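Trainee: As numbered in this note's numbering, residues 1 to 397 make up the sequence shown, in order.
No wet-lab data here; the hints were simulated from the structure.
There may be inaccurate statements among the hints.
Cross-link-like lysine to any residue pairs, in silico, SDA-like; alpha carbons within 25 Å at most [what the hints assert, rightly or not]:
(1) K239 - A227
(2) K238 - R40
(3) K118 - K263
(4) K360 - L385
(5) K238 - S262
Computed spacing ranges between beta-carbons, pair by pair [as the list claims (entries may be wrong)]:
(6) V164 - M1: 17 to 23 Å
(7) D68 - G322: 38 to 44 Å
(8) V224 - N273: 45 to 51 Å
(9) N173 - M1: 52 to 58 Å
Since we're looking at a predicted model, the values are computed, not measured.
The C-beta atom is built at its ideal place from N, Cα and C for all residues, glycine as well.
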Amino acid sequence: MNTLLEQSERLIALTSLDFKRYLFDFIQWDSRLIGIKGARGTGKTTLLLQWIKEQNLATEKAAYFSLDDLYFTAHSLKDTVAQFYKNGGSILALDEVHKYKNWSLEIKNVYDFFPDLKIIFTGSSIIDISKQEGDLSRRALMYELPGLSYREYLLMLGIIDLPVISLHDLLFNSAEIRKKIPNGFRPLEYFRAYLDYGYYPFGLADHSSVHQRINQLIRTIVEVDMAELKDFDIRNAKKLLQLVYVIAQQVPFKPNITSLASKIGIHRNSLNNYLHYLDQAKIISLLFPAGNSTALLQKPEKIFLNNTTLLAALAEEQSNIGTVRETFFLSQMLPLYKVHLPKQGDFFVNGKYTFEVGGKGKGQKQVSTLENAWVVKDDIEFPMLKTIPLWMFGLLY
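Could you put the whole structure together from the sequences, leaning on the hints where they help?
Mentor: Have a look at this one:
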């Protein structure tokens with residue numbers, strides 16, 4: 001226990017409070033049980049440590065434990081928490097919970113047995129707490145942390161602090177939005193760098209190694225994180241990595257599930273499951289037709305990589321600019337809204353708004369007959385009438 005507390009004290013002391021992810025201000029920190037899911041590399045651990053540091057309490061009162069620590073191979077979480085509580089602990093942050101067997105059951109027991117202990121836990125985006133042995137879905141307030149938005153990227157680099165803009169304001173109050181953008185700011189100056197490197201916080205420190213780290217990150221997700229899933233056969237990890245590669249070279253990928261399953265050497269039903277897991281792991285994004293079920297065995301109409309930094313890292317050749325635009329739009333929308341494939345246009349958001357995404361010369365023809373429809377253009381700086389700059393969708397969070 002002392003070793004865990006010493007590690008906690010050291011990590012908290014080294015944590016900077018200079019930049020906080022947008023989710024930090026949205027979490028209801030007064031709740032007694034909080035869960036934060038997210039893909040690897042998005043900053044869940046830093047967020048935990050920042051909040052603990054802001055409490056300004058002694059380590060014996062507020063501590064951070066990572067459940068992939070070797071300590072937990074020989075000690076149970078329940079007994080460790082009990083000891084922490086008896087010694088005066090009141091706040092406990094538990095990181096990487098999916099690395100610990102029966103984590104949800106033990107957290108449930110701790111929650112029930114120590115009613116004045118506050119617990120915040122983080123886990124992989126692939127975990128579904130409603131399917132765990134100890135169902136926390138009625139107890140825990142859950143959040144999901146995506147990668148950096150374009151707005152956060154600019155803020156983290158110290159370039160500019162732009163306001164978060166709601167989708168409604170972006171669509172219907174463009175004149176007011178323009179007033180919030182400082183004169184002299186050139187939004188496209190940094191946009192291409194964000195598309196290539198900016199989605200993951202670790203990419204800001206060293207551009208030269210970010211794509212290599214992403215390849216390692218994907219391998220870790222498939223070979224380590226997915227091994228914790230009951231329905232995943234770890235012997236298929238190599239085939240799943242092959243699947244990611246095939247998709248990356250052809251996005252947006254219009255899948256023929258039977259043909260793809262045969263090519264990869266996985267049963268058709270298993271392939272649907274694995275596509276679902278890759279979507280949950282935030283490696284890919286599945287786009288279903290508007291009005292159709294998104295049940296597990298429902299065939300997606302299109303498959304995208306989750307974000308443009310993944311696209312830059314995995315595509316062997318330079319990606320089609322149209323694919324880059326659509327991938328960016330989807331990556332900024334999906335953390336907040338439901339997105340489907342419409343009969344007309346590129347994206348249908350929240351069952352109400354249609355968007356056609358293109359370059360500077362994109363016209364209104366494809367969506368001219370639709371009522372709630374907008375053209376999203378790259379290479380323009382400000383909105384005008386029913387046309388919105390692509391980069392502005394990076395201000396939604």
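Trainee: Take the hints in turn and mark each one as holding or not.
Mentor: How the hints compare with the structure:
A hinted pair counts as satisfied when its Cα atoms are at most 25 Å apart, and K239 with A227 qualifies at roughly 14 Å. As the CA atoms of K238 and R40 are separated by approximately 19 Å, the hinted pair is consistent with the 25 Å bound. Proximity of K118 to K263 is assessed by CA-CA distance (about 49 Å); at most 25 Å being required, the pair is judged violated. Distance check on the hinted pair: K360 and L385 sit about 15 Å apart at the alpha-carbon level, within 25 Å; holds.
Simply put, K238 and S262 have alpha-carbon atoms about 15 Å apart, close enough for the 25 Å limit, and the pair holds. For the hinted restraint 17 to 23 Å between V164 and M1, the CB-CB distance of approximately 41 Å leaves it violated. Separation of D68 from G322 is about 40 Å and conforms to the stated range, judged on CB atoms against 38 to 44 Å. Range check, V224 to N273: about 18 Å between beta-carbon atoms, so the 45 to 51 Å window is missed.
The given range of 52 to 58 Å is respected by N173 and M1, whose C-beta atoms sit roughly 54 Å from each other.
Comparing the model with each earlier hint shows violations of hints 3, 6, 8; every other hint is respected.
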